[in-house]
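Protein chains in written order, with this note's numbering: chain P, 1 to 111; chain S, 1 to 114.
It should be emphasised that the hints constitute simulated quantities derived from the structure, not laboratory data.
Check before you lean on any hint, since a few could be wrong.
Claimed, not checked - Negatives, chain P to chain S, calculated, CB over 12 angstroms:
{"hint": "1", "residue": "L11"}
{"hint": "2", "residue": "E15"}
{"hint": "3", "residue": "N22"}
{"hint": "4", "residue": "S49"}
{"hint": "5", "residue": "D55"}
{"hint": "6", "residue": "K68"}
{"hint": "7", "residue": "K71"}
{"hint": "8", "residue": "V78"}
What the hints assert, rightly or not - With a cut-off of at most 30 angstroms between alpha-carbon atoms, the simulated DSSO-like pairs for lysine-lysine come out as follows:
{"hint": "9", "chain 1": "S", "residue 1": "K78", "chain 2": "S", "residue 2": "K68"}
{"hint": "10", "chain 1": "P", "residue 1": "K54", "chain 2": "P", "residue 2": "K5"}
{"hint": "11", "chain 1": "P", "residue 1": "K56", "chain 2": "P", "residue 2": "K5"}
{"hint": "12", "chain 1": "P", "residue 1": "K5", "chain 2": "P", "residue 2": "K68"}
{"hint": "13", "chain 1": "P", "residue 1": "K54", "chain 2": "P", "residue 2": "K37"}
{"hint": "14", "chain 1": "P", "residue 1": "K37", "chain 2": "S", "residue 2": "K78"}
{"hint": "15", "chain 1": "P", "residue 1": "K56", "chain 2": "P", "residue 2": "K71"}
{"hint": "16", "chain 1": "P", "residue 1": "K68", "chain 2": "P", "residue 2": "K37"}
{"hint": "17", "chain 1": "P", "residue 1": "K54", "chain 2": "P", "residue 2": "K68"}
{"hint": "18", "chain 1": "S", "residue 1": "K78", "chain 2": "P", "residue 2": "K5"}
{"hint": "19", "chain 1": "S", "residue 1": "K68", "chain 2": "P", "residue 2": "K37"}
{"hint": "20", "chain 1": "S", "residue 1": "K24", "chain 2": "P", "residue 2": "K37"}
Stated by the list, open to error - Pairwise CB distance ranges (calculated):
{"hint": "21", "chain 1": "P", "residue 1": "G83", "chain 2": "S", "residue 2": "V53", "range": "36 to 44 angstroms"}
{"hint": "22", "chain 1": "P", "residue 1": "Q14", "chain 2": "S", "residue 2": "P70", "range": "46 to 54 angstroms"}
{"hint": "23", "chain 1": "S", "residue 1": "M15", "chain 2": "P", "residue 2": "D59", "range": "41 to 49 angstroms"}
{"hint": "24", "chain 1": "S", "residue 1": "V53", "chain 2": "P", "residue 2": "S12", "range": "41 to 49 angstroms"}
{"hint": "25", "chain 1": "P", "residue 1": "S10", "chain 2": "S", "residue 2": "H10", "range": "19 to 27 angstroms"}
Values in this document were obtained by computation on a predicted structure and should not be read as measured data.
We put the beta carbon where it would ideally sit given N, CA and C, even for glycine.
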Amino acid sequence: DQQVKQNSPSLSVQEGRISILNCDYTNSMFDYFLWYKKYPAEGPTFLISISSIKDKNEDGRFTVFLNKSAKHLSLHIVPSQPGDSAVYFCAASALGNQFYFGTGTSLTVIP
Amino acid sequence: DAGVIQSPRHEVTEMGQEVTLRCKPISGHDYLFWYRQTMMRGLELLIYFNNNVPIDDSGMPEDRFSAKMPNASFSTLKIQPSEPRDSAVYFCASRRRQGNTEAFFGQGTRLTVV
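Okay, chain S solo, but in the shape it has when bound (with noise of 0.2 angstroms):
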């Protein structure tokens, strides 16, 4: 299996315009979830699915993030509008079921809002 593959890598844009961070999860797994690390905060939760069904939101900073789940292959995170306190790296992790299992996490986007 390729793993959790995330794109872009790296992301360059002006304050004020829409970001769109994408992720397909580990084929057969029912968890999806989006962290951001920062110095102060490491990493943090922001939003998780569950067979493609949002449970938990309440990590979204603002209502200027979005996440969606389409299918169980694929997710977005969109950020709109874009901030410069936006920038960090965001990752995207997938995990096999509930219970006593680690979560496999992609090689990451880090975002620049300049």
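Bound-form chain P, shown alone (with noise of 0.2 angstroms):
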């Protein structure tokens, strides 16, 4: 059973505009969130993440938006750019345990 929920297989986006990635969980005891970026043939690569206790964590051009009563977390990327194309995984962890993955959202930044 996911815990952890991208709906989203897919995303088009042209270049200079804005990314924005979803993800649901289900969980109510998960309390930090990670994005993770993944190229072909790599191992995923740590992005972005949130704590429970924040609604929002800006980074750059990344920037991770928290919706604790929704059980919704999404990802900005803005400006978007043609070397952001990849597949984003976002990932939950209740207590420090282990991380749970949703399925991955393939981003594809079009110049």
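With the hints as a guide, dock the two chains, each given alone in a separate frame, to form the complex.
Okay, here's the thing in structure tokens:
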């Protein structure tokens, strides 16, 4: 049973525009959320995270928003660049234990 | 640091053969995770260790799968006997400690069972 869900398998965005990737979770015990980026033939790399005590965390072009009441997480990339084209995984953990990952969203940024 | 190192990068084997995947975590990391990537389930946790001790192996799909961590710098995931449905990319990841810290992934082993 997927505790972390990414319902959009793919997303295409024009270069310079905003990319919004969404993630939903079911376990109210989750207290730490992360986004990973994955290029083909490589392992996932950490992008940005947020603790459940916050509702927003920003790092350069990347911002993660957390809506605990809706159990929803989103990643905003502004402005989107062709190098951002990759698969993005949402992940969550509870009490510092294992990470649960979503199925990923493939982002294509069109030049 | 060289990061998490996995070997081999690619493995092609015949159905019924034993397959062993290897992982060297980042030095000083207390947690080690084995994941399998599939289209249907994304990154699926198979098992994880804390200080070389298996903590949760509920994600191991069948008894054909086993994992060991004999010391802090080495872990193996073994499939015996292998089946075509085991074909996937297997990732190892390590994490420094419990709490709000990220995990670092290796480059993965692409397993093909024919």
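P:K5 and P:K68: Cα distance at most 30 angstroms? Judged against 30 angstroms, a Cα distance of about 15 angstroms means the pair holds.
What's the verdict on S:K78 and P:K5, does the C-alpha distance respect the 30 angstroms limit or exceed it? 29 angstroms, holds
Minimum Cβ distance from P:L11 to chain S greater than 12 angstroms, as the annotation requires: 16 angstroms, holds
Against chain S, does P:E15 hold up as non-interface, every C-beta pair farther apart than 12 angstroms? Non-interface label on P:E15 holds, nearest chain S Cβ at 27 angstroms vs cutoff 12 angstroms.
Holds or violated: P:K37 with S:K78, Cα cutoff 30 angstroms? Measuring from Cα to Cα gives roughly 27 angstroms; hence the hint holds.
Minimum C-beta separation from P:K68 to chain S exceeding 12 angstroms: can you confirm that? Since the minimum Cβ distance to chain S is about 16 angstroms, P:K68 lies beyond 12 angstroms and the statement holds.
Could one say that the CB atoms of P:S10 and S:H10 fall in the range 19 to 27 angstroms? 26 angstroms Cβ-Cβ, so the 19 to 27 angstroms window holds.
Is the Cβ of P:V78 more than 12 angstroms away from each Cβ in chain S? 22 angstroms, holds
Pair hint outcome, P:K54 versus P:K37 [Cα-Cα no greater than 30 angstroms]: 22 angstroms, holds
Non-interface label on P:D55, tested against every C-beta of chain S at 12 angstroms: 16 angstroms, holds
Run the distance test for P:K54 versus P:K68: straight-line Cα separation, threshold 30 angstroms. OK: P:K54 and P:K68 at ~9 angstroms, within 30 angstroms.
Note whether the CB distance of P:Q14 and S:P70 lies within 46 to 54 angstroms or breaks it. Taking Cβ atoms as reference, P:Q14 and S:P70 lie about 51 angstroms apart, which means the hint holds.
Figure legend: structure checked against the earlier numbered hints; the only hint not met is number 4.
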